[in-house]
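> Spelled out from the first residue to the last, the chains are:
Protein chains: 2
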Amino acid sequence: MSDNKKILLSHGGGGEEMQSLIGGLFFKHFGNEILDKMEDSATLDVKGKIAFTTDSFTVTPLFFNGGDIGKIAIAGTVNDLVSAGARPLYISCGFIIEEGFLYKDLEQIVLSMKAELEKSGAKIVAGDTKVVPKGKADGIFINTSGIGEIICGDISSHNLNEGDAIIISNEVGNHGACILANREELRVSGDLKSDCASLFAPVSALFENGIKPKALRDATRGGLSAVLNEWALASNVGIEVNESDILVSNEVRGLCEIFGFEPYELANEGTMAICVKQEDAEKALEILREFDECKKANIIGKVLNSYKQRVILKSPWGTSRFLEPPKGELLPRIC
Amino acid sequence: MSDNKKILLSHGGGGEEMQSLIGGLFFKHFGNEILDKMEDSATLDVKGKIAFTTDSFTVTPLFFNGGDIGKIAIAGTVNDLVSAGARPLYISCGFIIEEGFLYKDLEQIVLSMKAELEKSGAKIVAGDTKVVPKGKADGIFINTSGIGEIICGDISSHNLNEGDAIIISNEVGNHGACILANREELRVSGDLKSDCASLFAPVSALFENGIKPKALRDATRGGLSAVLNEWALASNVGIEVNESDILVSNEVRGLCEIFGFEPYELANEGTMAICVKQEDAEKALEILREFDECKKANIIGKVLNSYKQRVILKSPWGTSRFLEPPKGELLPRIC
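Sequence order for the protein chains is A and B. Under the numbering used here, the first residue of the first sequence is numbered 1, with each subsequent residue one higher. Under the numbering used here, the first residue of the second sequence is numbered 1001, with each subsequent residue one higher.
It is worth saying that the hints were derived from the structure and are not from the lab. Among the clues, some could well be false.
[Said to hold, decoys possible] In silico contact screen, one side only, chain A against chain B (beta carbon under 8 Å); selected entries:
#: 1; residue: 10
#: 2; residue: 15
#: 3; residue: 51
#: 4; residue: 61
#: 5; residue: 92
#: 6; residue: 119
#: 7; residue: 121
#: 8; residue: 125
#: 9; residue: 130
#: 10; residue: 131
#: 11; residue: 149
#: 12; residue: 150
#: 13; residue: 254
#: 14; residue: 333
[Stated by the list, open to error] Per the computed footprint, the stretches of chain A lying under chain B, defined by three or more beta-carbons under 8 Å from a beta-carbon of chain B, are:
#: 15; stretch: 42 to 48
#: 16; stretch: 79 to 89
#: 17; stretch: 233 to 243
#: 18; stretch: 270 to 284
From a predicted model like this one, the values you see are computed outputs, not experimental measurements. Beta carbons: idealized from backbone N, C-alpha and C, even for Gly.
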């Protein structure tokens, strides 16, 4: 196949060309007994409570250090399901492709999705492809919606109580900083790698070891700061975190200084904020750190009964300030 | 609120502005006990077999005679679920909005979605909003994914047998022709109205009256021709349809003559192809015609044991030709 084969409007028209794209690319790599039935809706057997989530991905650049739009589309939806205490089972995939998009880039994206699906065992069971004329979209946008079977119930941002521990599963800010550096073509970009990863394995290891998180949240847009503020608001509590316990790489810190970003507001794509009972915190940390994507997990703070609906950031020098909810023009199109 | 208030990049950034858009518009109109929990995933109780489907909508113009992108996004996903014999229950909604899009247009779209949801009782339970810089998308794209409870099982394009009747629930080609006319700003456009409609009511009336369709399909992209060809292929049968029984309005016929389109290939957005046992055909027709959106329903042909995998179109003059699967550049962005 020629390297400059392009996606045409006819690939989204509902006719023979679309069938050939679907068969030759999507079914070839995503194929499974449900998808292969090629009905407009997948028929699924589910039991009990399920989690259901959706995300559209518009990240630019499409390919970045540590991932691409395909990997992030799967990891993002998997992590949303995991945040609800669910085992990711079924994912739908809607492509909006700009006319002229390179077939080989689409194939690379599809292969990334396939590889990422294998990490949680989720399957693509429904799809849709639209092609819009050149200039009417920016390369490719992907929507993934997912269904998971809830295996650990009652995880919610409303559950925080005084004394609970707050854990973050990784350094923060890597994804946002990586995208920013890639976009600005900074020399530092080579040292920055997105944390983009599916977190079903480490989080389900918590469940299997009898740890029931009270709240779980993928710290994507708005970063750690958005999650903690949402939790403080939803549970009507204060949250106190220690700056020295929140790991930020030197590269991310440097980039934040140059551009005036707050690392706690930068997006992550494979980093989970986890609230557990204080007595579970050390054990949770030990379990998480056994996984590559969580080996920098750390306890960063605790829930207070004071400073309600606020997040307090304590510096190593004993001072403290409010960590405000992010606002204004954050870095756009990071996911 | 000012009439020219616009959507800004910050409305998709994950910060305060996004929360205000979500609260002030989406939750205001879509709110329900599940969505109001504001978790990243909705937690749902489902029983038995479910149908799951996804569709992205990129229609242009966004507002057309008979509907808009919001109405079509709900009706399209509802109809995909109905095609699987399901009662639509839960819908997710992912918006990709171009910076500078008018708030009042977004509100109108949201209100259309709300009105259309009421026709089937489905609820929006999960959402996502992305804003991309001006010029990186075309106004607004919407993805809707849906979950339905299967209330009439084993509906499939693989089920057709010799002698079965083929019904179409309406005139064909109205949506595609309406979009074409609106886009070309033709004078005829006022007489053309999209068939865009949710078909849960008429189809569930079939189920309730003991009629179990063998196959059901919303004749969207690729039109009636695409559906019949897919069925003929999937069931390894021939399908014979009578040109004089397939209703096409004079306006649609005229437009097709001007532009060289085949009315059977034009998209419909509220028109279902239905295959039933021959003995159920008349009763099915009677039931369907009780509903406004199906009052022009007609039996258009039958399944053959010859001409396998082909569709035969018989003219009123006794001649016949193959109705080929659509190919090439069909009308883009009709849904």
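> Would you mind marking each hint as holding or not holding in the structure?
Against the structure, the hints:
no., hint, verdict
1, 10, "holds, 5 Å"
2, 15, "holds, 4 Å"
3, 51, "holds, 4 Å"
4, 61, "violated, 13 Å"
5, 92, "holds, 4 Å"
6, 119, "violated, 18 Å"
7, 121, "violated, 17 Å"
8, 125, "holds, 6 Å"
9, 130, "holds, 5 Å"
10, 131, "holds, 7 Å"
11, 149, "violated, 10 Å"
12, 150, "holds, 7 Å"
13, 254, "violated, 23 Å"
14, 333, "holds, 6 Å"
15, 42 to 48, "holds (count 6)"
16, 79 to 89, "holds (count 5)"
17, 233 to 243, "violated (count 1)"
18, 270 to 284, "violated (count 0)"
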